[in-house]
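Peer 1: Spelled out from the first residue to the last, the chains are:
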Amino acid sequence: MAKIFIYPATSLILSDMVTRFGHTPLGSAIAIRERVQTAGLESIPLQITPEEPKKGLRWAAVEVPSGVRGRMSLYGPMIEMCDAAIIINNADLAFGCMGCARTNELLKFLIRQKDMPKLELEYPKNEEEGTQFVAALKRFLSDLGGKS
Amino acid sequence: MTDYTPANVGTVTRYVVVESYTVTPADVAIRAYEVAKGVMIKENCFGLVVMGKEEEVNRVIAEVRKMDPAHIFVKDRGFPPGDARRCRATLGGARPGFHGIEFEMTILPYISHAIEELEHRDASTVPAPQSQLTSPRLDIYRLKKMIDAQEP
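Protein sequence lines, in the order shown, are assigned to chains A and B. In this text, residue positions in the first sequence follow the numbering used here: the first is 1, and each later residue adds one. In this text, residue positions in the second sequence follow the numbering used here: the first is 1, and each later residue adds one.
Think of the hints as simulated: they come from the structure by calculation, not from any bench. There's no promise every hint is true.
Away from chain A, derived, C-beta distances all over 12 Å, residues of chain B [unchecked claim]:
1) A26
2) K37
3) R121
4) R137
5) E151
Cβ pair distances, simulated, as ranges [said to hold, decoys possible]:
6) A:I44 with B:Y141: 51 to 57 Å
7) A:E80 with B:T125: 35 to 41 Å
8) B:L91 with A:E51: 22 to 28 Å
9) B:P127 with A:E42: 49 to 55 Å
10) A:L57 with B:Y141: 46 to 52 Å
11) B:V9 with A:P65: 30 to 36 Å
All C-beta atoms in this analysis are idealised placements derived from N, C-alpha and C, irrespective of residue type, glycine included.
For reference, chain A alone in the conformation it holds in the complex:
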């Protein structure tokens, strides 16, 4: 069972497909759950404390805005931990503020830099593309040793 980083990190489809084909998806919920379930200082709504941008310095330089570094403290450890990654490129739902946009660019860059199996796809727009999409995911995840 491999750990697969998914982008968009909140994707229902990718999270389900990865689980369905026998692997563990790594997405936002895992990192948020870790913070929500850890005692410390109250920092609503996501329990992101001033410590997070400091941790983010591992993946982004000090002149990079703290919003990007804070987000990287969530995703950075998961990119280091993952065995493979799946990216959906035309993901409208990944749209957000400049912090989100720059973090997304950095995430994709770090994934492409890492020497590991990667799969890049687009969201399907019809049934035929849907079949190609799921078949590509199935082939990729089966090659990693999941269920076929």
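Using the hints provided, position chain B relative to the given structure of chain A.
Peer 2: Below, chain B without anything else, positioned relative to chain A:
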């Protein structure tokens, strides 16, 4: 700043999204309650939120998935159900993460169709999806024609 004492430590929360024309979220909720054994279940407009120990949650989800495997989807959630920091009952408006699910729910019928089709078809015989990067880009002459066609 005040001290933060977390609740529900050691639990996992998962969404069960129902995109089926034969099973409703209410049907799935009733089945989930039947096999719950201490797992917290909350029904909502698109499915369920299930919270509890990981093995128990996995067991409940595996059971409800059997109702319509190709049309029931699952994803992780960071917050427990009804958490005041995220719940729309206290915040008003849609929960922030709902928009992502709403977007992907428009694509789920294609995914469900593919899962059903691939049950009796070998995935290796399906051609790879065409990447947007390899698709033909807008031709420069066509672009010039479009610019010239603009009203002054």
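Peer 1: Any of the earlier hints contradicted here, and which numbers?
Peer 2: Those not satisfied come down to hint 3.
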